[in-house]
Amino acid sequence: MNNIKPKVLVVDDEKGLRIGVQRLLEMEGYEVDVAENGTDGIKLGTGNEYDLAIIDLKMPDIDGIDVLKSIKQKFPNTVCFIATAFASYDTAIEATKLGAQSYIPKPFTPEELLSELKSGYQKRLLSLEEAKWLREREERLLEVAFEKTRLNTIINSITDGVLVVNKEGLAVLFNPAVFRFLELSDVKVEEYILDKLRPEILELINKFLLSDSKEKRSYTIQLELKPNREFFIEATASPVFHPEDNLAGVVIVFKDITELKRIELIKSQFVSMVSHELKAPIAAVYGFLKLMSDDKIPLSDEQKKEYLNRSMIRLDGLLKMVNDLLDISRMELKTVKKEIRKICLTEIIKNILELFHFEVQKANIQVNFNYQTERFCIDADSDEISRLFTNLISNAIKYNRPSGSITIQINQIGKFVVTEIKDTGIGMKEEEKKKLFSEFFRAKNEFTKNVSGTGLGLSIVKRIVDSYSGKIEVESEFGVGTTFRIYLPN
Amino acid sequence: MNPKKKILLVDDDIDLLEQNKILIESMGYEVITANSSKEGWEVFKKSKPDACVIDLIMEEYDSGFVLCHRIKKDEHGNDIPVFILTSATYETGFKFGASTLEEQEWIAADEIINKPVVIDEFVQKLENYFEMKRS
Numbered sequence: 001m002n003n004i005k006p007k008v009l010v011v012d013d014e015k016g017l018r019i020g021v022q023r024l025l026e027m028e029g030y031e032v033d034v035a036e037n038g039t040d041g042i043k044l045g046t047g048n049e050y051d052l053a054i055i056d057l058k059m060p061d062i063d064g065i066d067v068l069k070s071i072k073q074k075f076p077n078t079v080c081f082i083a084t085a086f087a088s089y090d091t092a093i094e095a096t097k098l099g100a101q102s103y104i105p106k107p108f109t110p111e112e113l114l115s116e117l118k119s120g121y122q123k124r125l126l127s128l129e130e131a132k133w134l135r136e137r138e139e140r141l142l143e144v145a146f147e148k149t150r151l152n153t154i155i156n157s158i159t160d161g162v163l164v165v166n167k168e169g170l171a172v173l174f175n176p177a178v179f180r181f182l183e184l185s186d187v188k189v190e191e192y193i194l195d196k197l198r199p200e201i202l203e204l205i206n207k208f209l210l211s212d213s214k215e216k217r218s219y220t221i222q223l224e225l226k227p228n229r230e231f232f233i234e235a236t237a238s239p240v241f242h243p244e245d246n247l248a249g250v251v252i253v254f255k256d257i258t259e260l261k262r263i264e265l266i267k268s269q270f271v272s273m274v275s276h277e278l279k280a281p282i283a284a285v286y287g288f289l290k291l292m293s294d295d296k297i298p299l300s301d302e303q304k305k306e307y308l309n310r311s312m313i314r315l316d317g318l319l320k321m322v323n324d325l326l327d328i329s330r331m332e333l334k335t336v337k338k339e340i341r342k343i344c345l346t347e348i349i350k351n352i353l354e355l356f357h358f359e360v361q362k363a364n365i366q367v368n369f370n371y372q373t374e375r376f377c378i379d380a381d382s383d384e385i386s387r388l389f390t391n392l393i394s395n396a397i398k399y400n401r402p403s404g405s406i407t408i409q410i411n412q413i414g415k416f417v418v419t420e421i422k423d424t425g426i427g428m429k430e431e432e433k434k435k436l437f438s439e440f441f442r443a444k445n446e447f448t449k450n451v452s453g454t455g456l457g458l459s460i461v462k463r464i465v466d467s468y469s470g471k472i473e474v475e476s477e478f479g480v481g482t483t484f485r486i487y488l489p490n
Numbered sequence: 001m002n003p004k005k006k007i008l009l010v011d012d013d014i015d016l017l018e019q020n021k022i023l024i025e026s027m028g029y030e031v032i033t034a035n036s037s038k039e040g041w042e043v044f045k046k047s048k049p050d051a052c053v054i055d056l057i058m059e060e061y062d063s064g065f066v067l068c069h070r071i072k073k074d075e076h077g078n079d080i081p082v083f084i085l086t087s088a089t090y091e092t093g094f095k096f097g098a099s100t101l102e103e104q105e106w107i108a109a110d111e112i113i114n115k116p117v118v119i120d121e122f123v124q125k126l127e128n129y130f131e132m133k134r135s
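Sequence order for the protein chains is C and D. With our numbering, the residue at position 366 of the first sequence is 366, and numbering never jumps. With our numbering, the residue at position 111 of the second sequence is 111, and numbering never jumps.
If we strip away everything but chain D, and leave its shape as in the complex, we get (with noise of 0.2 Å):
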């Protein structure tokens, strides 16, 4: 069998960081974690996870976007699935900024995924990424 796909966790909220963590754990994968974004780039840079889990809203509303556009430019992070976690859904009010194409290509995020994470829906977006990247 592979060895276990690394993912990188970040959110700046601990609970829910650990709730995930274990729920992607059981899922046979391995997580690793940040707990802010300048952490999430330093674990990121260090460890070269193979998927990263991004919160929208940590230090500032936009840290996820911002973090995950960083992430994307660099040669390792191109490479791999990211996504953004988010509550900020319409029915908040938030309008999280990536209505436009341009905004899109900026942050340049795979998927933008609902909080509360349905965990068999985010496992098999996941695997879709890595089925692509085999093909």
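If we strip away everything but chain C, and leave its shape as in the complex, we get (with noise of 0.2 Å):
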């Protein structure tokens, strides 16, 4: 025996047999509780866990039978053994058919008891070990579960489109995500998924899967799946290697790139536009500079100094132009510090009509504004503010009428300070109200041929308010005239 004692309750209503058993089991190193019938025996046997049990069977208040159910119920691992004088075959097979390890008929002699006890004790050391093993298996494997379940809802939780395939082809590890991109309806698992994908997916795969190389890099292509930039994906597949650096398969990484496409393509757009305006002026200048030069085309001095004068117009507007272009590009860059002040929009609004005094009045146009009301201040960079109030009063006077009106006026309205701008102008077709705001949009009519403009100016206006919060309306009649109301938060 080791040093742990072997725990042993003995249930016996026979007080001569209980004392001697224990003493003899005491003797040999066992540790021993003793119950003098049933109910004793099912509290202690429950109460603590025996490494083994020796039940009397016929007690006067609770059979042994009752008393090995419930220690077995309790504590299985319990080796029980039922004695009884009154042996018979049938309680024998019942009570080992209840767990008891064995049925050991009165009288016994002591060596009989002892070999009995020590070949119980050996399967209980054996059950307990089994026990152990069994609970750490089990916990293994809730591990292991759980693993799987987390790695699981992880990649069920990705947008991107997952899928691994091994090197037959199978699919091996996907989520419902790639559904979408693989045009499929459903994937089973382990099922041969070569021959559904399309061609540029599968030779994509291929890359991997035809070769031997253990490079360690992937391939990337983008498709359109849906035309007309509709869907756009970029697959990325990448090897998988087993620990002995064989290909095991590939994982394909989908992307939706439909976005991407598209901003790519709104600012290719830009750019052609762009270098479409900026074209323009230069062939002009250029043309009439070539005249000038062609030595077989008569000018007269007027015609000459028209065209410089001309040419200089052109090129103060593509001058603008580039000026306006660059300003976009610092507001998308977000390079502009703002430099955030109090500024009262009354001393912005007087300032800008005075720099446009000589248009006003070479227009002939009646501007209504009242100085000497409030101040209406906000927390604002000046010179952003100034320059959407100049856009929007130069359009006023630009695409006004001779002899027409200009009237402003500023009003607290909640927590915005609105300023409204009243033209009799030209006015705007319903249609061209909503391009008003894209880059280089400029309503092209009888009326504004003769408007020189870059196009840009409402643009940057629509980017300065948006930078503040603050919000734009536009009314507008063809032939009547425009109003437009800026709402910025103070």
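By construction, these hints were calculated from the structure, which means they are not laboratory data. Just so you know, even glycine gets a beta-carbon here, dropped at the ideal spot from N, CA and C. Errors might be hidden in some of the hints.
[Stated by the list, open to error] Here are the simulated lysine to aspartate or glutamate pairs, DMTMM-like style, with alpha carbons at most 25 Å apart:
| no. | chain 1 | residue 1 | chain 2 | residue 2 |
| --- | --- | --- | --- | --- |
| 1 | C | Lys435 | D | Glu39 |
| 2 | D | Lys21 | D | Glu42 |
| 3 | C | Lys296 | D | Glu30 |
| 4 | C | Lys305 | D | Glu75 |
| 5 | D | Lys5 | C | Asp295 |
| 6 | C | Lys320 | D | Glu30 |
| 7 | D | Lys125 | C | Asp294 |
| 8 | C | Lys435 | D | Asp62 |
[Claimed, not checked] Across the chosen pairs, the derived CB separations fall in these ranges:
| no. | chain 1 | residue 1 | chain 2 | residue 2 | range |
| --- | --- | --- | --- | --- | --- |
| 9 | D | Leu101 | C | Glu473 | 40 to 50 Å |
| 10 | C | Leu278 | D | Lys38 | 55 to 65 Å |
| 11 | C | Leu184 | D | Glu42 | 51 to 61 Å |
| 12 | D | Leu101 | C | Gln303 | 41 to 51 Å |
| 13 | C | Leu260 | D | Leu101 | 27 to 37 Å |
| 14 | C | Asp160 | D | Val118 | 45 to 55 Å |
| 15 | C | Gln222 | D | Glu42 | 45 to 55 Å |
| 16 | D | Leu101 | C | Lys226 | 17 to 27 Å |
| 17 | D | Lys38 | C | Phe270 | 26 to 36 Å |
| 18 | D | Gly28 | C | Gln222 | 50 to 60 Å |
| 19 | C | Leu184 | D | Asn114 | 43 to 53 Å |
Can you join these two chains into the complex? Each is in its own frame, and there are hints to help.
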């Protein structure tokens, strides 16, 4: 016996036997508890876990079989022996069915008892060991299952599509998002998938499956799954290697790049528009210079002077456009540091109107603006706000009718200072209104053909207003006039 | 000598319009001008020119194509060369829609000429058309 004493419970109504067995076992190195009836036996046997129990079959209160049942129910690994003088084959069978180790017929010799207990205790140790292994295995399985669930949950939550194909071309791992990219309604685990893929994707996977390369690089392709830029994807395939460095399969990650492509298109359209708009004045100036330097074409001094003048006007417009573009680019890049100070709209508008004094007089436009009212101050960058209203007032003058009027009013409405600029100009058609704030849009009709402009002014206005979380309202009637209302928070 | 051939120029850029007018006139043609595709159509109907030269990008990015199509559908227009002027070459990134045969047939332009116009080449092309018609 080792240092740990095996714990034995002896349940017997026969006092002599109880004491005899207890003494014998304690001498042999067991720790012994005794119960003199079935009730106490159950109480002790279920209250503590014993290694071994010797239970008398016939007791006055509770039958030994019931004691056995109770103990086995609570501690299945307690090794129990049934002891009785009324040996009968049936009882023995029933007892072993209920989990008794064996049946010890009374009377028994100390040697018989000790031998039974010794083998019982061995069994007890083995079953404890087994239980421990089982428990550990269970725990590990749970852990593995948890890891697997966790991995699945993560992969399933990704909006990008993930597909892992093994060397045989079977789909071994994928997430629901991938169906959309593969244009398949369902994929089964371990299903052969290569024949269901688009040729471009198949080619991508075959870059690895059909080569012996141990290179750990990825390949990426872009594919238009639905025409007209409706659904654009990017697929990146990377090899998966076994620890021993041979190819296990390929993992393909699919991304929806439709939005990216859309922005790319807008960007390239913008670049095209810019180059066209920049080219036009250059071509005009170039043309004039060429004309004037061509000896075969007779031009009067007056004509030459006019062409020089017109060249200057075009160059001036070009310069303005470049400046506007630089402004827009600065606003896009957010490199302009706003110098936020308290500024008052009444003063800003007054200053702008003074700058336009000459133009206003030339077009004989009547300006209605009451300087004497409240000052209407907001926290903003003075340059930006001046730019905003300069563009709007300049438009109100340029697109006005001769002897028309401009009415400017400032009011506080809720949390906003609202500046209203109303002109009696050419107005806009409904379809023109929609495009009003887009770059290079200029209403083109018989009224506007002699008005110069970059087509960027209102786009800049909108960017500035947006950057202050403000809002613009436009009311316009073709041939009657336009009203801009600028809401700036204060 | 034959009476001067009458060329209709349509461009929304009044500077370029005037320059091309002077250049083409200097080569011995009569030039009439229009400043928008709408005006271009009106002048075409009224003056029945011997050839039309239309700028592509005016009110819209394809105004020139639309006007060309309209002129070519006209009984008189079908009979004369119509050239389209454009700076929208591939170098600027514009794909100006005349890439398929179907589109080209719809537009029906006889020539698409890049800006700036090289006047000698332009006149040569024009004369080829007039020559073809005479023979």
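Verification of the supplied hints:
{"no.": "1", "hint": "C:Lys435 / D:Glu39", "in the structure": "holds (24 Å)"}
{"no.": "2", "hint": "D:Lys21 / D:Glu42", "in the structure": "holds (18 Å)"}
{"no.": "3", "hint": "C:Lys296 / D:Glu30", "in the structure": "holds (17 Å)"}
{"no.": "4", "hint": "C:Lys305 / D:Glu75", "in the structure": "violated (43 Å)"}
{"no.": "5", "hint": "D:Lys5 / C:Asp295", "in the structure": "holds (24 Å)"}
{"no.": "6", "hint": "C:Lys320 / D:Glu30", "in the structure": "violated (36 Å)"}
{"no.": "7", "hint": "D:Lys125 / C:Asp294", "in the structure": "holds (22 Å)"}
{"no.": "8", "hint": "C:Lys435 / D:Asp62", "in the structure": "holds (17 Å)"}
{"no.": "9", "hint": "D:Leu101 / C:Glu473: 40 to 50 Å", "in the structure": "holds (48 Å)"}
{"no.": "10", "hint": "C:Leu278 / D:Lys38: 55 to 65 Å", "in the structure": "violated (26 Å)"}
{"no.": "11", "hint": "C:Leu184 / D:Glu42: 51 to 61 Å", "in the structure": "holds (58 Å)"}
{"no.": "12", "hint": "D:Leu101 / C:Gln303: 41 to 51 Å", "in the structure": "holds (45 Å)"}
{"no.": "13", "hint": "C:Leu260 / D:Leu101: 27 to 37 Å", "in the structure": "holds (33 Å)"}
{"no.": "14", "hint": "C:Asp160 / D:Val118: 45 to 55 Å", "in the structure": "holds (53 Å)"}
{"no.": "15", "hint": "C:Gln222 / D:Glu42: 45 to 55 Å", "in the structure": "holds (48 Å)"}
{"no.": "16", "hint": "D:Leu101 / C:Lys226: 17 to 27 Å", "in the structure": "holds (25 Å)"}
{"no.": "17", "hint": "D:Lys38 / C:Phe270: 26 to 36 Å", "in the structure": "holds (28 Å)"}
{"no.": "18", "hint": "D:Gly28 / C:Gln222: 50 to 60 Å", "in the structure": "holds (55 Å)"}
{"no.": "19", "hint": "C:Leu184 / D:Asn114: 43 to 53 Å", "in the structure": "holds (48 Å)"}
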